[in-house]
Amino acid sequence: MCGIVAYVGYRDACPLVIKGLKRLEYRGYDSAGVALMNDNGLSVYKKKGKVSALEQELAGKAVQSTIGMGHTRWATHGEPNDVNAHPHYSFHRKLAIIHNGIIENYAAIKQRLLKKGHTFASQTDTEVLGQFIEEIWENAGGTLEEAVRLALQEVVGAYAIVVMSEADPTQLIAARKGSPLVIGVGENEYFLASDATPIVEYTKEVIYLNDYEIAVIKDGQLRVVTLDNTTTTPYVQTVELELEAIEKGGYDHFMLKEIFEQPRSIADSMRGRVQAEAGMLQLGGLRDYMDKLAKSKRIVIVGCGTSWHAGLVAEYIFEELARIPVEVEYASEFRYRNPIIKEGDIVIAISQSGETADTLAAIELAKSKGAIIFGVCNVVGSSIARATHAGAYTHAGPEIGVASTKAFTAQVTVLTLMALAAAKRKGTISDSLFRQLLVEMESIPAKVEKVLQSADKIKEIAYIFTYARNFIYLGRGLNFPVALEGALKLKEISYIHAEGYPAAEMKHGPIALIDEDMPVVVTATKDSSYEKVVSNIQEVKARKGRVIAITTEGDTLLPGMVDFTIEIPNVHEVLMPLVSVVPLQLLAYDIAVMRGRNVDQPRNLAKSVTVE
1 MCGIVAYVGY
11 RDACPLVIKG
21 LKRLEYRGYD
31 SAGVALMNDN
41 GLSVYKKKGK
51 VSALEQELAG
61 KAVQSTIGMG
71 HTRWATHGEP
81 NDVNAHPHYS
91 FHRKLAIIHN
101 GIIENYAAIK
111 QRLLKKGHTF
121 ASQTDTEVLG
131 QFIEEIWENA
141 GGTLEEAVRL
151 ALQEVVGAYA
161 IVVMSEADPT
171 QLIAARKGSP
181 LVIGVGENEY
191 FLASDATPIV
201 EYTKEVIYLN
211 DYEIAVIKDG
221 QLRVVTLDNT
231 TTTPYVQTVE
241 LELEAIEKGG
251 YDHFMLKEIF
261 EQPRSIADSM
271 RGRVQAEAGM
281 LQLGGLRDYM
291 DKLAKSKRIV
301 IVGCGTSWHA
311 GLVAEYIFEE
321 LARIPVEVEY
331 ASEFRYRNPI
341 IKEGDIVIAI
351 SQSGETADTL
361 AAIELAKSKG
371 AIIFGVCNVV
381 GSSIARATHA
391 GAYTHAGPEI
401 GVASTKAFTA
411 QVTVLTLMAL
421 AAAKRKGTIS
431 DSLFRQLLVE
441 MESIPAKVEK
451 VLQSADKIKE
461 IAYIFTYARN
471 FIYLGRGLNF
481 PVALEGALKL
491 KEISYIHAEG
501 YPAAEMKHGP
511 IALIDEDMPV
521 VVTATKDSSY
531 EKVVSNIQEV
541 KARKGRVIAI
551 TTEGDTLLPG
561 MVDFTIEIPN
571 VHEVLMPLVS
581 VVPLQLLAYD
591 IAVMRGRNVD
601 QPRNLAKSVT
611 VE
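Using full-length UniProt numbering, you'd call the opening residue of the sequence shown number 1 and step up by one each time.
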């Protein structure tokens, strides 16, 4: 959650920080603020609302500075308002601080400070940390760096922080534990951010700060130390991210752009891995662990939200092809029920950002019990990528829209490749089926492209259902997780209540909701469950429900039975979710836009959930 941007160098910091905050606004947009230092001293400006409101607040003010930092917030401690927005001054206003994460023991620290005469303007844990650092700095007699280090040794929780001091206009101090922080290295300048998107315009040379590390930038030099004051040598790497990838490219919303990018992101997730003509599949990131995967007695998949749905798809595919039992767990619940993990179990952690706090916690628990951890994530250098034994990147490119679209299909693509590779190594798949599925996988981008050509028809259907207050999504087999994902997309961005169910479960309760005002979206493709799904549709129609059916091209039965059909190309049942989810993404997008919603930044949500 939340976005951090900071700069020190020779440029004008304020416009650079503001531009960076706009690029990070998908991480949080309850409020925003900046801290700058010039002849007026250390000045903080902040405003409830989006970064545009902060820009208006700054208009006409003397904000020129070569050092600055900013923050765009997703509220945890304290409601969204001007006072709770970051940055926060310390008690004597010698420092300003911005922070992502949660300080779990902030209340105890606050009580200590209250007893010493401190007062607090905000309800945030961040202000407490800033005052705590200043208290140590003033009373311990050391440097600000030492004060930060001592304070963080007492802190319990997760954090990424940046601290500015009125005493030194060349110094920024940053630290992280459990929340991402990237340092961009330029010519006589440094950039800090929650991810690389605000940095790539200026430099592609970056350092990903590790947990329990503190970065000290002073007089144009960077030094990295650990909390126990051991100097480390940071690893500088080149970010492979183009500026165009984080811009809208002519689309009305990032979400729409990302839906239409799926043919390319699916292809990119297979590139260099699939050679269908030669019958070859290579996953370099799993090479050393492929035998362990194929021989595993049990796979546990952990994820949250859309990543959990991708895991459900993978459960079907691994069990079908590789004949390995799979359990799919909400990462947020996994470690709170004392899960049974045995040495040698495979745990696959799925996360678009690679920073999801619950998933990281699940990884650490599973590792402590001897499990082998595979990661499936989209961000190179992310915490999950570094915490796992092996894994595979999805190569979806940046996903800015809060509601995941191309991340889902990229995850399913990679997980399918993993299942195919395990099945091939284990010998549970015939050579002919293996080759057939590789050939069909290479055809998926073109088939998704064909679905996208139905966008205008889907928009017409969406217009009819903008009135709805509830939706039901149904599917069987591999299309049940797709129903869950379709429902999630609709409620995330349109605020319409929607639920996904296995179609056969209708008779066990949800059918009581069906009437002439209830839209029911059914994925009814030609697969092994087709006849059963047709029967479920008839049950809905008998109760006057209005049915939108996702059907296979050439289906002559369903168009006469349902109210609306959206055709998709035929594809092998195992690969169907990669195609059948796309019309559901478009349907949700169109309904939300027609209802006047901000689809890229839906209320109460943020892209990356880095706090529990």
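Hints should not be assumed to be uniformly reliable.
[Unchecked claim] The calculated lysine-lysine pairs, modelled on DSS-like cross-linking and capped at a C-alpha distance of 30 angstroms, are: (1) K295 to K491; (2) K297 to K218; (3) K218 to K292; (4) K50 to K459; (5) K248 to K218; (6) K297 to K19; (7) K367 to K295; (8) K450 to K491; (9) K94 to K292; (10) K47 to K491; (11) K457 to K248; (12) K50 to K61; (13) K48 to K491; (14) K342 to K369; (15) K295 to K342; (16) K491 to K541; (17) K544 to K457.
[What the hints assert, rightly or not] Computed spacing ranges between beta-carbons, pair by pair: (18) E247 to V83: 30 to 36 angstroms; (19) N81 to I464: 36 to 42 angstroms; (20) G560 to R425: 42 to 48 angstroms; (21) T143 to K369: 22 to 28 angstroms; (22) I464 to G554: 41 to 47 angstroms; (23) G272 to R386: 19 to 25 angstroms; (24) E553 to R298: 20 to 26 angstroms; (25) A107 to E364: 33 to 39 angstroms; (26) S368 to Y467: 37 to 43 angstroms.
I should point out that these hints are in silico values taken from the structure, not numbers from a laboratory. It should be emphasised that the depicted structure is a prediction, and the values quoted were computed from it without experimental measurement. The C-beta atom is built at its ideal place from N, Cα and C for all residues, glycine as well.
Hints the structure fails to honour: 1, 2, 3, 5, 6, 9, 21, 22, 24, 25, 26
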